[in-house]
Every structure is written in structure tokens, then in C-alpha cells.
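Visitor: These protein sequence lines map, in sequence, to chains A and B.
Residue numbers for the first sequence follow my numbering, so the first one is 1 and each next one is one higher.
Residue numbers for the second sequence follow my numbering, so the first one is 1001 and each next one is one higher.
Don't read these hints as lab results, they were simulated from the structure.
Source: prediction; values computed, not measured.
It cannot be assumed that every hint is accurate.
To be verified - Incomplete in silico selection of chain A near chain B, CB under 7 Å:
#: 1; residue: Leu11
#: 2; residue: Arg28
#: 3; residue: Asn33
#: 4; residue: Tyr37
#: 5; residue: Val49
#: 6; residue: Leu50
#: 7; residue: Leu52
#: 8; residue: Gly94
Stated by the list, open to error - List of simulated lysine to any residue pairs, SDA-like, C-alpha gap at most 20 Å:
#: 9; chain 1: A; residue 1: Lys64; chain 2: A; residue 2: Val106
#: 10; chain 1: A; residue 1: Lys34; chain 2: B; residue 2: Ser1311
#: 11; chain 1: B; residue 1: Lys1623; chain 2: A; residue 2: Asp87
#: 12; chain 1: A; residue 1: Lys12; chain 2: B; residue 2: Leu1180
#: 13; chain 1: B; residue 1: Lys1367; chain 2: B; residue 2: Ile1262
#: 14; chain 1: B; residue 1: Lys1317; chain 2: A; residue 2: Asp87
#: 15; chain 1: B; residue 1: Lys1454; chain 2: B; residue 2: Leu1354
#: 16; chain 1: A; residue 1: Lys12; chain 2: B; residue 2: Gln1014
#: 17; chain 1: B; residue 1: Lys1340; chain 2: A; residue 2: Asp87
#: 18; chain 1: A; residue 1: Lys35; chain 2: B; residue 2: Tyr1330
#: 19; chain 1: B; residue 1: Lys1252; chain 2: B; residue 2: Ile1262
#: 20; chain 1: B; residue 1: Lys1783; chain 2: B; residue 2: Asn1761
#: 21; chain 1: B; residue 1: Lys1140; chain 2: B; residue 2: Phe1238
Idealized CB from N, CA, C, for every residue including glycine.
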Amino acid sequence: MSNINSRRTFLKTLVTSAGVFFSFLSLRMISINKKLYKENFEKLEFDSVLSLGFTFSEKVIIYKTENELTAFSSRCTHLGCTINQTDGVNLVCGCHGSKFSPKGEVMQGPAQKNLIALEHHFENNKLIVFYRNEAR
Amino acid sequence: MKLDRIRILLSAAQFGFLAYASFLICVLSGMALVFVYDSSSPVDSISLILMLNKPALLIRSLHYWSGQIFIITSLFHVIDHFIKKSEQNQTRTNWFYLVLLIPILLFSDFSGFLLKGDYESRQAANVLTAIIGAVAVIGKDVVYLLIGGTESLKIVEFNHVFTATIIILFLTIYHAKKFLPNIRSLILIIPFIAVLSIILVPPLDLAENMVPKGPWYFVGLQELLHWLIYPETIIFLFILFLASIFIIKILKEKNASRMKFILLFFMIFYSIISLFAIFCRREGWKFTFEFKSNSEYFNFISSSNLIPPDSIPNSAKIPIVNGKRESCVYCHSSMQGLSKSHSVEALGCYSCHLGNPLSLNKDVAHKGMSLTPGNLDVVHKTCGRAECHIGITARVSNSLMTTMTGVVSVDKFAFKEIKSPEGNFHIDKIGNSPAENHLKELCASCHLSYKKQKPGPIDELSRGGGCSACHLHYGQAALNEFQNRQNKTNLNVKIHPEISINISNNSCFGCHSRSGRISTNYEGWHETQYSESDFNKLNKPGFRLMQDGRVFEKKPEDVHHKAGMQCVDCHISYEVMGDGTPYQHKEEAVKIQCLDCHNNRPRTVRFNNLDFESQKILTLRNKVDTSALYLKTEKGNFPLINTFSKNEQVTTELKANSKQLISKPPSFQCGRDINGHSRLDCKTCHTAWAPQCVGCHTNYDEKKQGWDYLANKSVNGSWTEERKHYFVDFPSLGIVKKDGKETISTFIPGMVLSIKAKQNNYFNRLFAPAFPHTITKKAATCKTCHNNPVALGYGRGELKYKVDNGKGKWTFVSNMQKIAKDNLPEDAWLGFLTNSTKNNSTRPNTRPFTIDEQRKILTIGACFSCHEESNKKVLNALSIKNNFLKKINKKCFLPRW
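Just chain B, same shape as in the assembly:
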């Protein structure tokens, strides 16, 4: 009995009546919406509906779902009647009108989609205009009749509300021969549509969608358009489709059945390409087979959006940001602290923090929010949006600060996984080789794509964070408020940290106080072996405890630091954020050189010839001077906009406080004019000291637990490092060869270490080129290099020159332990008066001195073994251009080799 009743219920509520019932609900709800929808500002009126008018939101949802159910039930209605061969009972005229209903039905729904007026809708309008407009002679007029032009939605609104509705109503009554659907269909369909409307609320697309897609029945068409050379073919295909349906009436039964099968096949094909377009097409309509979260495909907003807000402010109170309403700013209107360019007034909150800007309900609004929008995994939606800093985020993703390619290649070279420390690697994409595991546990957090985990100020322990790594700055007020929130004394969120180009050394310090210790060297701090508890007992000045427990000792600071210069005063954006080129090592990416500023004839550029970024920054800082000669680097001609040349003097203006410093050109006494010194680099003489880490051992213990910094999780197997000594001395010297030119530069022990991996043990004696950042005004003296075993690469010990029976001889006795693997002292680069082995550096284009070069250096050193460095006779003899050795005193004994 019960089954019978259900059967009766379902059969009476045929698909046709269900479709008609849905249509009537659509019309009724549409009539109601006319009172709240404004086609002259569609996005604004719908935004306000979403935020403030919840009854309207529900009616809008009803309108949307009843429209979609109308199409779906109409489709089943057609299929139902095809199976029943109902076309045999219709006249040709009736059949013609029914076929006509199909495009009108689709247009009715499509025009509704266009009325949203958001980005997706505008794109859909463009596509339709292009397709129909391409038809010869009448195309453009037909388009205008249907949807008007781009300036107004009035024609779409008229056609949607009146024309299509009346035609559908008329044709439906005409072919159904009934004014109203039966009650059963209403009973069935009303609850179904109501439930759908409450659970899945259609949203508004505010962020210009990366992949604008039309309504679900339209995406298949978009996919087809992608394949067809001439888009007008679509119109031809559509007319063919309608003609095929009409022809079913004319053909004999057998052929009609065949035609129905063809149409079924087409329907299945269209469904498949629609699904393909929905799930597999991403940005740029590129094919991507990667599962994403549901919100990427179906962006309905949840039913919680139907909850009315606590109070309903009038619409004037909901601020308009970037042309669109944003509820975030209504609640967070008193937010202060941001710089002008990123003020709440200009950008609101949504364009950086995402979330839902069309809800006054806190939980709904905060869903999907990013508290760390600078992270490189979301930056394409935040800082790197098309209308903001898209070019910069593209550069950053290629920068060494993100890829760490040099670190990866050198490590793999040390582990003998590659033959030379070169290659284009990316720290985020490394695998599981021994070197790569080593990197993950010991190095992999220091790159820009490392995610900042929680909001907060940058400190010594900060790593990564994308744009925020440098551009996030907590002033005192923001810091106080942050700390109050942390210890829960006050949960206010009223002060936002500054997002600006006001970048302090704090941003650099965390990562760059490791590895070569550039940040700490620059400030004059040298790492000791003391522990935190030792520090507490030390009780004397000149020591500093870092946040990670390391203890540093005061040493002479770099003169540039003493003058007040920050990292960013030299290291411009085209270095740090990259210039787009994927460099392999840091010295290739660095543009600045000493002679760029310390030059009496610097390279310059005027304001009007600067790139857009430089001009914009100068404009916003109110520092435009069209008569000024801004300096530019020799490497790559990049402008140094805080440095200019005036009255034959180079002035550097500090970015932090606009204080001006004069950059003096090299002294006329510059050592490079001396014989044999032509290959010297500025820093080679002007470096005070470099930290040198000696006696390293790296061990892998598969039984212990380690921490993978890439995956941010605990892993089996732990890499640990030990070292014996931290020396602070003048660095070693060696040769760097670039573009055929050789330079004598500074080096420190890079990887002189034994590695005990799972199956293999490796030993390396690799020195690394380094710029210690301990520049001193007073240059090195002769003996600093010529009589210094560390400078020569021999290591620490006694380097002595003895004269015996008129014969001079150099000897060296190391005071460090020897490493059995190559029988050299643990701090040496090469053996005394020997040539180095093949793999001796962390770069393919660097090397220590050859025997010949060592002999030349020691020959001069021999002079200073007896004579004072200030001895004028010796200095005069050395200044003679050619063959000065012939002019020496007969009592002098040069070394014999």
C-alpha cells in the first residue's frame, strides 16, 4: 500500500510539473528581489544583501536554487518524454515552440548569472559577446538586444525579468495546458529547494577569481571554445543541436531513435568535458591534475551566513574599500599603525588577510583568514595580487634568499653527490639523499619560503615569512599591544604593525647570524664556545647572550656599522628580492661593490632615467630631485637611490634616518698601486677579522630523533655537528677568477670536516670565499699577509725565516692537530709550500695560492722578517717597477726554495 502511494506521488509529480513549480518559485522570489537589487551597482547591492539583509539572502538563495532545479528538472522532463516517444503526439508547431524554449530557458538562467555583475559575470558577458558578436552582419546587434553593452546591466535585467520570464510562462502554459502545477509537485519541490537554499548559499566573487568560470552548464562550452579555432563555430553547433531535436519530430521512428541516441551521446560527452573543465582547469585554463580543497571548485558559502548580525548598521557605515564593500573594516575601523600606502582606508583588511569580507558575523568573517599573509605559499593572493606587487613576488621566488640553491649545491658537493658545487636547486624541492637530509635538519629553515607560523614581531629566532621577513615592522605601540594579547592582559586588536620599506637589521639578523655570521661580524660580535650558564657566571662586560643561547664576545665593528649604516643601505632590493635571474651563488646576486660609492668618478643616473620602482620610492619619500646624479652599480647598472654625487663628492643618505655620510674615494696610497698588488680587492686589505670555525665533525645517528625543518616534523635519524675551535683572526687569502680576471680575496674554512653518514664517511677540505663585513679604516700591514701563515692558508703555527750560511729558508710548524686523512693541520687550506688538491673550495672558480704565488709572497715576507714595515729603504726598493730584487742590499738574503 505504502509503495503504491509513493509511486502515485512520484508519477503525478512528473518532471514537467516539478520544473514548472521550480520556475514559479523562481519567479516569485525574483519579484521580491527586485526591491533590493540595483542593476546600476549590482556588486554593491548584493554585497549589502550578503552582509546585512538575511531575509533577502535567503530569498536570493531560493531564487538561485529554484532556477538551477528548473533547468535540471526540465532536462529530465525532456529525457522522460523522449523515452516515452511523446513527440509523436505533438504537432510540428508545438514541437517547434518546445525546441525554442530550450535556448530561452538557458538564456534566462545565464542572464541571471550576468546580473551578479562581479568579475565572473563580466567575463561570461565578454565570452557571449565575442561568440554571438562574431556572426556576420547581425551578430553585434543581436548581442546588444540580448545583453546590451558593458556600461550597464539594464538590458540584461529587462530581458531576465520580463522578456524571458513571459515567454517561458506563456510557452509552458501553452504546451502543458495548465495554469498552475499540481499540488504534489509543489509539496515535493518546495522543501527540497528550501533545504538546498539554506545549506548552500550562493556567494559573490569579490577577489578577481584566478580561473573565472561560468555557470555549471556553461563551463563545457568554455572548454570547447578552448579547442575551436573559430568561436563562431559554437553558434553553428548550437543551432545544429536545436535542429537535431526538432528533426526527431520529422524523422521516422527508427531514425528518430537513432537521433535520440546521438543526442544522448552528445550529452554524455558534454558532461564529461564539463567535469573536466570544473576539476582540471586552473589559472590560465591550464590543465592541472591536483586535488584541491572543495572551496576551489564549489565556492558556496555555508548556512552560518544566514545568521543575522547582532545589529544592522545602515549601509553608509559599511566602508567601501577599493570600490567594494568590506565588513572587516566596519569592525576594525580604528586600526592604526600601518603606513599610508597600506592604510586600512586604501586596502582594507581582505586584500591581505583574506577571510570573508561580506559578513558581520565574527566567525564567518574570520574563516579562511590568513594571519601571516606574507608567506610565499599565499602571497599570490595577498601581496602579489595582480593589482599590487605581482612583479616583485615573481622576482622573490627566483631569488637566492628563497631557493638557497648555493647552499644546496655546496652541501651536495661536500657529500660527493655532485661533481661541482653548481646547479639550480630549490630548498623546498629537495629529496632524501644524505646531503638533502642533512640540509633539512641543519639548514633548511633559513629561506623566504619557510612559513612564518604565527603572527608576531621579528626576533633573533625568526625564520622565513616571505614578504613579512623584511617588511613587517613592530613599533613600540604595536609591540606592547602584541605582548598584552600574548599574556592575555588585554585582547585588543587596534594597532597593526607597519608594512613598509623601513627595514631594520633585525630582519636580517636571525638567519645571517648563522653560517658566515655576517650580521654579528658587522656589529662586532664573535661567537664563543660559552654556554648560557657560563654567560651568567661570566660577570664581565663585552659579552652578549643571544636568544638561542649562544654567547658572543665584543670585537671591532665594521666602520659602516659604526657610521650608522644598515644592511639595506648597501644591499638594494634587486639583490635581496632578486632581479629575476636565478643566480647560483650569493656573490653573483650581490650588486654592490666598494668602488660604486668610494669613487671620485662614480657611475650615475638621473631621476628621469630611473626604473619605475626607484622613481616611485623616491616620490613617496619626497626625495625626488630631477637635477641629482644618483649613483648606480657597476654590476648591472642598478640605481642606488639613497646615494648621489654632488660637487664631486659622493653622499650616502641613510634610509633609516636620512643622515648624510660622505663616501671617500680610495686613498692615493691604495695598496693596489704597489708591485704585485694589482689583483687585490678592497676588502682584502680592509678586513679586520673573520670568524673561523675549525675542527668540525658532522655525525648521523639513525637511532636518534631529528627535526625536519622543511616538513616541520620530527623524523627518524638525527644529524649533529660538533666543532672544536672558534678562532677570530685575519682571514685566509686566495684567488677568485671571474670573466677571465683574477682577484685576491678573503676566505674562511668553509667545510673542513669529516662527515659520518649512514653508509659512507666523507672528508672535505674546502675553504669558502667570504666577505666578513668587518671593514676597518686602517688597512692590513705588510706582515698581515706576507708573514702570516693563516693568510697564506697554512693554518696557525710558527712561520719562521732563517738565514744560515748566506742561505735563507722559510719553515712552518703548525700548532694544530693533524688530520690523518690528508696529513694536514685541521685549520689549513693547503700544505706549506705545496699545491692544493683538486677539490679545495666551495666554488669551481676559486683556489688557494699556487707554489709560485706562495714563493712570491714569502719573498717579500723575508724582507719584513728583518726589517720594520715602515722602513723607507725597503718600501722604496719594493716600489721599483721592474725587477726590484736587483736593487737590494748585498747583506740581504732572499729565500732559496
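Next up, chain A with everything else stripped away, as it sits in the complex:
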């Protein structure tokens, strides 16, 4: 009897240990995950007084008219090249020739989607743009 009891205890301990190890693994997984997504977006600052037309930066393109201001991700929606050229009116990607209107609408391929619009607001005399680094 005691043999069976001790065997049962041993087996239960084994399974419980497996459960404890699994819990530890899960906790570790969650803490790594928290760290991974911590800085998945950035707040980019610009001077609130911007010239009319396009302003190019490393990650963002700002288009200003008299009435409105729009901000897009400067990543071309074809393969992700940084757009920093215009043909006078529209944005042109120098990698494979995609064209976008000043409102970010795709006008000529190979890109198929519009540029990603970014949220922005004015704060303390600065223009804050929220840039998210995410796979679509």
C-alpha cells in the first residue's frame, strides 16, 4: 500500500513540477512580451511654424496648405523606401517610381495602397506626430 501511495505522491509531485515550470515559462514569456512592445510608437516633434507644401523628415512627410495640415509615414507602400522627392506636384518614390498625391493617395504604381496617415496635434508650440512602427 505504502508503495502505491509513495508512487502516487511521486507522480503527483512530478506533474505538479511540470505545472510549476510551465507557469514560470508563461510568466517569463509575458515579461519579455511587455518589453518588446514598450516602444512601438514614437512621438516626433516638429516646429509648429512650417512652410507651405511638403516638409520631409526621416520618417514623416508633412503637407501644409493654408487651410489644413496632414502628416503621413514617409514609407512608400510598395516596398518601404523612404520618399523624399516630388515632381513638383506629387510625391515620387525614387526606388520604383510610385507616385502619391499631396493627400497621400496612390496615383501610380507599383504601390497599391495610400500612404499611412499619422495622428498629430499641436502642443506647446510644437507639432507632435505619432509614428507607429508596425507591420501592416
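Mind docking chain B on chain A? Use the hints.
Guide: Only chain B this time, still in chain A's reference frame:
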């Protein structure tokens, strides 16, 4: 005693409990994964798990394997109970619920497969949507209830995590009458699943798989779908299958046993077609019976992927390339040197170099990498991917530069293996005939599908390399870094050679400095018989030592080379990369002709009517001019986008440096207007010289070791070549007939040689049509052809015109050795004033001059034997349109034949 214990252990841990234990592990691990999986960006969250969160990767692996073991043990559980005839102890209601468990179980696993969200999963979702959606009236709604639409995985996630799980849990407890499995089953199954999870880690399919296949229990269905005309039949068959299981409960024992056998037979059949689908179905679901490496069938990633990276950067630092995470770029972020179109930002590293883009561990990431991705054997996964240059790689595989079909057919013709130098051959597919062995040892490295063995710049010894043969360009910085790595002074990998359409003559030089020597002719170099040691002793200018030890002597260069033109300024992509048509010889593939540019009324095309490739290149080069009249070739109407017509002038803009050159039309003095010259080609008068190789002997020695360039290995038997003379002279002339039209063109000794093969000896006297690429502004003079025995095809020697007693007679005495086989001099194409033999050229549509033509040429030559070429009276007499011979001076003596 021990055996008993094992028996008890196994019997208690019945399949049912094992299945339940697996299911519980699946549920627990699934609950943990909810914290790290994001159904709104599934591929991204799983990519990050693969790269950075190794505990999550292990739990994901546990989740996957416990799910699969759950299905397998459930299957054995069913079989076990069928054998035991357990259905007799169940009520019909219970039996009904058990039958219901089957599709729910399968759906649970299948929905898990869909949650990956990669290409395979999306394809599987499409297939299921199509099958169930095809059911009348309710189909589409049922599909939406099960897996939702294509825009989001939320419904799949909900059904997988909650609906299916709760139903399975409930029905399992209901029919097992237990809340938990027994401990023995846990003890058995936990280590088994743990070991599997560690050894075989389920990957993520990033490259759009050439053959998307569903999970292992689904591929049989895919195979069946391939055969059924109406896919809705599958639903009917599935319901029939479930009904057959249910009916076992209702039927009498004998019939129930029969039904079980039918189901067993169906199971075996389904297993066979599943195996068939896994191993024998490839791209396009085509049947291929060819053993491939394991990774093609089972693409699990190894346990080394579970090793945590040295540091864990936050996810924002892992760049997204082409919509997907790529760890390669995290490590190689500072890579420079690539052109904009191929920048690291746009393409990353994986889309060309393959490997594993979801690992920060160097060895794991580099496994399966290609350092020479331009090679044609991998190009369908690299340059020729569906989203990149697929059309171009298809053209290249048909191009002469890849197949070498002309080289193969002429060689086989010389070896008397085929009757005419024609046929569609491919150098990679040749066999072992004497000609084919000859090719393998002496010619077979010069084609695009020859593999570039190691990364590095293109030099004179480079051969093949697929796309890289032309499009790989090492600038100075890349070259320096490469050389530092070679001599180990600095192992940095920061500068990538350029992949662009900036193609220098270096790319062409390696192969084209052989055979007809076009590259060397063009630059004004002629091959000598000097060796490398002779070169060192020569000590005078005007000689060049090549990397392979050959010594060349300076001769006049082609005028186009002098003007700065490169090969690619004339030879457009539709020639070099092919236009898709499998041509037999190079002159058929070449589009460009002199008169395309040298024309005061060229053929033109506007930007809007150009093909897509031409428009794209002009756009990227910022050279779009919608008002411009770009030139196009007469042959095939192919655009020459670096050439345009403006103000009645043709301008060529060099691709290398945008320098502009004016292409003048033919002079009004063009020789073709002269009597008898109408068949002349531009190059026939404007060629300065051609290299002519005379006195060839090719020998096969079966005792020596040779090198097979196709297999890249040493073989028994060696082919060697010897030659006596390398002459540099005006070429021979002959006739090319095409589309009924004859042209007088340039020829050089092609294969005037004796071949001593194993059993047979062959002799050939074949001249080859050639475009020597030594164009000169100053054209040939009258005597260059009319008084030149080499031009006429007789070879070198004394060609004299003598007048004796009012009778003119031509004589020719060769100063070369005669070949006994046909009693002609070793450098001759045909005998003096004779007709040539039947097989005289390397093309079926070319020939030397007939006796009649030779006589006509020599008749004019007779004039210039006495008179100066500039003599106006003679030139006037020759310009008279009809029957000029009647107007000659009575003191002139024309030849008598």
C-alpha cells in the same frame, strides 16, 4: 513483473486519456499564448515570438504538438473502441454527440492553422470558404459564422479559443465521465510532447510558398478537390462519412463490422492520397516524382531556434521590410552600396539571399543562405520571385546566352553527329557523345546558367552567374572591403556591391574574349602566341597580359569604342536577356543593325508607346521626354531608349555617363551604289581586321585527365586544342542568305580543323559568319576585296594578274601548307576559282563565292592590277550602269577564264 507493470501502465493510459491529456496541455498553452498573440497582425506577432520571445516559442511549439497529438491519439482511441465494439454500450444520443465531436475537433485544429495568418493559412481559408460557401442558401453564412471574412481573424480566434474548446471540453467530460485524465496518461504524454516541441519547432511561412499546402490531415482533401468537378461534393462526402460512423450504432453487429471495414479502407485510401499530395505534388499542384531535400516537405525549424538571442531589442528595432519583420536587417542595418531600387530599406536581405529572416542567432539566420543569388538554379526564389523580375528570368532561361544552342549544334555538326548546324539544344542538358564531351571540356562554362561559385567581383576569369553575370557591379569601396575580407585584414560586411543596370564591358569580357574574340577586337587587342614568360621579357609597349596568361597585341580599336560606347549601348536587353523566342544562332537573336542609328530617316517611337520595361527604366533614370522620338530597331521594332531623333539628327546618349554622340547617316559615297555592290553590308567595307586562327588540331587523349565544366569535376579523357597561326587580316567574304535576300558579309575560319576522337577522325573546312567589331571610319578600298586572296577565300599567298599575248590570266600560289584531306591550303575556304564543297560553313544559309562571283570580282581586280584605285577614268567606267565593259580602253585586257 516488469512486463506486467508496463502493460498496466499502458492499458491504464488508454488512448482516450492520452488524447484528453494532450488536449488539456493544448488548452493551457493556448491560454498562455493569448498574452502574446495578436490576431489583428498575426504574422507580425508570431514573427516577433520566433525572433525574440523564446519562452513563447516553446509554448507555441507545445501548443502545436499537443494539438496534433490530440488528433492522432483521438484517432487511435476511436479505432481502439471500434475493435472493442464499444458502440454497443453507448446510447444513441451519446453516440451522436461523439460523432459530432469529430468535425469540431478537426475545426479546432484547422482554425489554429488559420490563426497563423501567413500565406498558407490564407490559402487554406480560401479553400474552406469556397467549399462550404458553395452550399446553396446557407453556405456563405455558415462560413462567416465559422471563420468570418478575409479582413480579420477575430471570428476564427473566438471560435478557436472559446467555442470549439468549450464544446470539446464539455463533450469529453460528458462521455468520459471524468473531469481530468489519469495521472499515468499525463506522465506518458508530457515528456513525449515536450521532446517533440523542442526538436521540431513549427515555423512561419514567410516566402509565398510555391506549393501552399494545408495541415497534414487537409492535404488529402486538397488532392481530392483536384479531381472533383464540383467542390461541394466534398461536403456531401464528409456528411456521408459522419453518417457512416453514426450508422455503426444502428446496424446489426455483422453489418456494423462491414461498415467498419469500409471506413478502414477509406482511411487507408485517404492516407495514401495524403502521402501522395505531400511528396509528389509541386508548384501548380503538378505531379513530380523527384526526391527533394527534407525541407521541401517538412519545414520545421530546428531546436537551435529556441536558443535565446544575446540581447533582446524591443520590437521597434526589428525593421519591417516588404510588410514583414526581418532580423537580417537588424544586424546588417548599416549596409550601403546598393542602388535605390534594391536598397536594404526596400528589399531587406532575405528576398535575395534567403536564409532565415526570423532569427537573431547568426548561425540559424545564415542557414540556407545563398551568397550567389543570381545563379539561375535559385533565381526563381530570388531575382525571379513573383513580385519582382519573374518575366525577365523566364526570358533569360530561353536566351542563347543560357542555352548556347548555336555552339552545341555547330559542334555536333562538326563531329558529324547531326546533318546540319541547327536544332534547339541546351548546354546543361547535353549527353556524352564525342561532341558533347568536347563541349563540356572546352566550351561549357560560358553560359548564364553556369553557377558563380563564390561571391566576388567580375573579372576576366568570371563565367556565368545568372543575373549577377551582368548586373553585379563592385565599386571601389565594395572592392576594397571585399579584398580586406579575402586577406583577412578586416572582416566587415558593410558595403554591398551594386545591383543595377549600370553594366560595364567587364561583364562581357570574360566569355567574349574567347571564341570570336569580340570583346578584345572591340577594344583593339589581338591574341598572340606569346606566353606569360615571353610577356615579361618583351619589355615594349603595345602588349597586354590577360588574367588567364594569354598575351595580346594592340591593334586599331573599333570607332564606337573610341567614342566611348559600351557593349550595352547597342546590345539591348531584348538581345542579351532574350525576348522569349528560342533562337538558334546569335545573328538571329541580335536586333541592332548599323542602319538603325546611322540613318537620316530612322524608325522612331514615342514614350507613351514604349513597352513597360523601357518606360520604367527611363522614369527611374529621370530621362522621360514625352515629345522625344526614341529610335527603334528594324528587326522586331525594339526600342533603343538611349537613342533619339531630334532636328533630323540621331543622337546616342551613352548609358554609362550620358555623354551624347551624333550618329551620322551613310555617306552619299556609300559603296553600295556602285555596280555590283548592292548586296554589301555596312560592316563588309567598314571592318578593319579580324582575328583568324589557322592550323587547328583537336585531340582526345583517353589516358589523360580532363575537366568537365558542366559537372565541375575531373573526368577521364582529355580534349586539347593546338593551333599554328593567329593572323590579323581583313576577313574573308561570303554570302549570307536570309528571307530570300543575299548579303555579302564577313567570315573567318570557323572550324578548319582535324578532330582525332576515340574511334574516328574528322576533318572540317567550315568558315563562320562573324561580325569582328573592328569598325573603322575609313572604308576598305577596291583592292582590299578585289585583289585580296584572303577576302576571296583562297587564303594567303600571291594572287597575280598577268597579261600574255593579249590574254589576261589570274594565278594564285598559296604560301601556306596544304592539308592532305582536301588538298587545299590550311587557311583557305575554297580552292582558287573552284566551287566549294557542300558543307563549307557553320550555318546552313551561308556560303563562299561561286566561280561566277569570283570571276566577276577578279574582273574588276584586273583593272586595279594596273591602275591606281583613285584613277578617275577607271572609276567612271565602273560607274556606268549597264555593260560597262564595252567602254574600256582597247589597251585593257580583261581576264580569260
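Visitor: Report holds or violated for the interface hint on Leu52(A), using the least CB-CB distance to chain B and a cut-off of 7 Å.
Guide: With a closest approach of 25 Å, the Leu52(A) hint is violated.
Visitor: Does Lys1340(B) pair with Asp87(A) here, judged by a C-alpha cut-off of 20 Å?
Guide: holds, 17 Å
Visitor: Please work out if Lys1623(B) and Asp87(A) have their alpha carbons no farther apart than 20 Å.
Guide: holds, 13 Å
Visitor: Is it true that the CA of Lys12(A) sits at most 20 Å from the CA of Gln1014(B)?
Guide: This hinted pair holds, its Cα atoms lying about 19 Å apart.
Visitor: Given the hint that Lys1252(B) pairs with Ile1262(B), test it: the Cα-Cα distance must not exceed 20 Å.
Guide: holds, 15 Å
Visitor: So if I understand the rule, the pair passes when the alpha-carbon distance is 20 Å or less; does Lys64(A) with Val106(A) pass?
Guide: holds, 18 Å
Visitor: Any CB of chain B closer than 7 Å to the CB of Tyr37(A)?
Guide: Status holds, d = 6 Å.
Visitor: Between the alpha carbons of Lys1367(B) and Ile1262(B), is the straight-line distance 20 Å or under?
Guide: violated, 47 Å
Visitor: Holds or violated: are the alpha carbons of Lys12(A) and Leu1180(B) at most 20 Å from each other?
Guide: holds, 13 Å
Visitor: With 7 Å as the cut and Cβ atoms as the points, is Leu50(A) at the interface with chain B?
Guide: violated, 25 Å
Visitor: Using the nearest Cβ pair, does Val49(A) come within less than 7 Å of chain B?
Guide: Check failed: Cβ of Val49(A) comes no nearer than 29 Å to chain B, outside 7 Å.
Visitor: Given the hinted pair Lys1140(B) and Phe1238(B), is their alpha-carbon gap at most 20 Å?
Guide: holds, 18 Å
Consistency note: the structure conflicts with the earlier hints numbered 5, 6, 7, 13, 14 and 20.
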